[in-house]
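Trainee: Single-letter residue listing:
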Amino acid sequence: MTAIEIRGLTKTYQVGFWRKRPKCALRPLHLNVEEGEIFGFLGPNGAGKTTTLKLLMGLVYPTAGSARILGCEINDPLMKAQIGFLPEQPYFYDYLTATELLEYYAQLSGIATKDRKPRVSEVLGRVGLPDAGGTQLRKFSKGMLQRVGIAQAILHNPRLLFFDEPMSGLDPIGRREVRDLMEELKQAGKTVFFSTHILSDAEALCDRVAIIHQGELRGVGAVADLTSSVESKVEVVWLGNSVAASLKTLAPQCHVTGDTVRAVVPEASQDALVDALRRERLHIVSVTPLRTSLEEYYVQKLKPSEAAAGVRS
Amino acid sequence: MSSRIPHIASNTFREAVRDRVLYNLIAFAVLMCGASILVGQISIGIERLVVINLGLTAVSLFGVVIAIFIGIGLVSKEIEKRTLYTVLSRPVQRWEFIVGKFLGLAGTLVVNTFFMAIGVFLALLYVSHRVQAADGWVLVALYFIVLQFLIITALALFFSSFSSPLLSAVFAFSLFVIGSFAEDLRGFAAMAQGVAHWFATGAAYLVPNFSSLNVIGSVAHGQGVAGALIFSETAYAIVYAAMALCGAVLIFERRNLK
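Residue numbers (my numbering), protein chains in the order written: chain A, 562 to 874; chain B, 4 to 261.
Chain A with its partners taken away, still in its complex shape:
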C-alpha cells in the first residue's frame, strides 16, 4: 500500500511588504512512499524539505496539487491519529514537565486514560529520558528536547512517522540511538519519512531517498540504484616523490605524501594509468575500487558550490 501519495504539490509564497512578489518554495512535486519503508528526503538548507513536511501536516496550504496520506486527505483527523510528526528544532510548552507534556499529547491523540501513564513512561525510557519525566522542559538541553520530540512523535504508536531533521542537536551516541529507533520502527512495520542533509544517516538507514533542490525533485530511488548511475572510481597508489608529466595527463588529481603518490581516477582510466606506471618502471602499491557514496550522487545533482554549503557527511 502507498503510505504517502504526492501529486503535483506546489507552494508559492508572496514575499515583500509593499510590492508582493511570488517566491516558489516547492515546484510541482510528485512522489510515492510505500508502506513499511524508511524514506529519506534529502536536500541542502532551504531546498523545500520543511515546506513539504508542513504541507503534508496541513500546517500550510498548497498553491496547487494534492497529497494523500494512508489513503486519506491531508486534514482528515482519522489519518492524523495514525501519524507522528517531529518538527525541525522542536520547542514545547516549557512550563510543563516532560511527563505532563506527553500526557497532554496523549489526551489530544485519544489514548485511553488508563493507558496514558504507562505509555508515557515507556516512551520516555525508549528515548533515553527515563528519569527526566518530572523536570520542566525549560531546564532541558537541545538534545534532550529533541528526544522529547521523538517521544511525542511515537507516543500514540502511529503507523507513519514524519521526522524533520531528527538527528539535529544530538551527540554521536544520540544519533546512533535515533538510527536504531528508526530501524526498530521499520522492523515493527512502520513507515518513516525523514528529512535530513546528513547524507551518511540517509545512506545507512534509507530504503529509498529523494533529493530536492530549490524546490525541485532532482532524483528518487534506492540508494544502490542512484549511486550505480555515478561513474565508478579507483584509487591507485605507487612509490615515488614526484609525478611525471605523462602521468599527469592520465591522473590530474595526484597527491604526493612522503614517498608515495595517490591518485583517484575514473574506472575507465585505470588500465591506461597502470600501463603508464609500468612503462615508467614505478612500483604500484595498490589499486583499490572506491565505493560510490550517496554524497557523490548528491553532489552531481546539485551545483558544486551549492552542495558544498549544504552537505555534512
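I should point out that these hints are in silico values taken from the structure, not numbers from a laboratory.
Treat the hints with caution; some may be incorrect.
As the list claims (entries may be wrong) - Ranges between beta-carbon positions, derived for each pair:
id, chain 1, residue 1, chain 2, residue 2, range
1, A, P583, B, N27, 44 to 52 Å
2, B, R85, A, E744, 23 to 31 Å
3, B, I233, A, P638, 55 to 63 Å
4, B, L169, A, P638, 32 to 40 Å
5, B, T60, A, K584, 49 to 57 Å
6, A, Q650, B, A229, 51 to 59 Å
7, A, R580, B, A229, 50 to 58 Å
Unchecked claim - A few chain B residues that face chain A, going by a derived Cβ cut-off under 7 Å, partial list only:
id, residue
8, R21
9, S79
10, R85
Said to hold, decoys possible - Straight-line alpha carbon distances no greater than 25 Å define the calculated DMTMM-like cross-link-like pairs of lysine to aspartate or glutamate that follow:
id, chain 1, residue 1, chain 2, residue 2
11, B, K84, A, D732
12, B, K84, A, D741
13, A, K584, B, E50
14, B, K261, B, E81
15, B, K261, A, D655
16, B, K261, A, E634
17, A, K703, B, E81
18, A, K581, B, E83
19, B, K84, A, D655
20, A, K700, B, E81
21, B, K80, A, E649
22, A, K678, A, D655
23, A, K584, A, E649
24, A, K584, B, E83
25, A, K703, B, E256
26, A, K703, A, E744
27, A, K700, B, E83
28, B, K261, A, D820
29, A, K700, A, E683
30, A, K678, A, E745
31, A, K794, A, E856
32, A, K703, A, D741
33, A, K581, B, E256
34, B, K80, A, D676
35, A, K703, A, E649
36, A, K700, A, E745
37, A, K794, A, D820
38, A, K700, B, D22
39, B, K84, A, E649
40, B, K261, A, E777
Using N, Cα and C, we set each Cβ at its ideal position, and we do this for glycine too.
Following the hints, position chain B against chain A.
Mentor: Frame of chain A, contents of chain B only:
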C-alpha cells in the same frame, strides 16, 4: 463538544497559572486592604459606595489587562514558538484549538474574578460590619464584568489570529475604550445627519457595548438590576463573543503557519 477542547482549555489555564498570572491577586488584595482601611478612616456614611466602586473597578481593570495581554499571545505565541505544530499534526482541528484556547483563558478569568470577588466582599464586611441584602447586586455587577471579559478575550483572540501581539493589544485595548463609551457613540449617531449618521450608527453597533455592561455605579448606590437587562446583556455578550470567535476561526482556518 469535542473531547479535545477541554484538554486544550485546561492546558491554557495551567499555562496562565504557571506563568504566575494569578499573582495579580496579591496586588488586588493589597489594594483592597489598603482601600478599606483608608476609606474607613476618611469616609463617613459612604464607605460602602467607595469600596464597591473601587473594588469592582479594580476587578474589571485587572481582568481586562489579563484578558488582553494573555489573549493576544494565545495564537501568535504558539505560532512563533512553533508549539502549535505538534498539536495540529494530531487529530485536532484548528477550530477546536481556538475554542479550547478561548475557554482556557475565560476559565482563568473566572477563577481570578472569583478570588477578587471574595476580596471585595471581605472589604465590604470590614467597612459595614454586616452583610446586607443589597450586596447581592454586587454579584450581578461581577457577573456583568465576567461577560465583558468574555467579549474582550474573544476580541483579543480574533486580533491574535492575524496580527502581531503589539497590534493585537492596540486593537483590543482601543475597542475596550471605545466600547466603554458605546452609549455616547449611539447618542452621537442619533443626532448626526446624512453620511455621518450612517457611519456613526454602524460604528456604534459594531463596537462592543461595554457601557451597558457596566452597572457598577448603580449597584454601588444600592440600586438593583432588572432581570430583563441581565438576560439581554447575557445574550448580547454570548452572541458578540461567539461572532468574534467565529471570525478568529475563519481567519485561522485559512492561515499558513510558516
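Trainee: Does B:E256 lie within 25 Å of A:K703 when you go C-alpha to C-alpha?
Mentor: 31 Å, violated
Trainee: Is the straight-line distance between the alpha-carbon of A:K700 and that of A:E683 25 Å or less?
Mentor: 21 Å, holds
Trainee: Assess, step by step, whether the Cα of A:K794 is no farther than 25 Å from the Cα of A:E856, and give holds or violated.
Mentor: 14 Å, holds
Trainee: Are B:K261 and A:D820 close enough, with their CA atoms no more than 25 Å apart?
Mentor: Between B:K261 and A:D820 the Cα gap is close to 57 Å, so the pair fails against 25 Å, i.e. violated.
Trainee: Can you tell me whether the CB distance of B:L169 to A:P638 sits inside 32 to 40 Å?
Mentor: Because 34 Å falls inside the window, the suggested range holds.
Trainee: Compare the distance between the alpha carbons of A:K584 and A:E649 with 25 Å, and conclude whether the hinted pair is satisfied.
Mentor: Distance of about 22 Å is within 25 Å: holds.
Trainee: Quickly compare the C-alpha distance for A:K700 and B:D22 to 25 Å and report which way the hint goes.
Mentor: 15 Å, holds
Trainee: Compare the distance between the alpha carbons of B:K261 and A:E777 with 25 Å, and conclude whether the hinted pair is satisfied.
Mentor: This hinted pair holds, its Cα atoms lying about 19 Å apart.
Trainee: Holds or violated: A:K700 with B:E83, Cα cutoff 25 Å?
Mentor: Cα-Cα ~20 Å, so holds.
Trainee: Taking 50 to 58 Å as the hint, is the beta-carbon distance of A:R580 and B:A229 inside that range?
Mentor: 57 Å, holds
Trainee: Is the Cα-Cα distance between B:K261 and A:E634 25 Å or less?
Mentor: 21 Å, holds
Trainee: Please verify whether A:K678 and A:E745 have alpha carbons no more than 25 Å apart.
Mentor: 23 Å, holds
Comparing the model with each numbered hint stated earlier shows that hints 3, 9, 12, 13, 25, 28, 34 and 36 do not hold.
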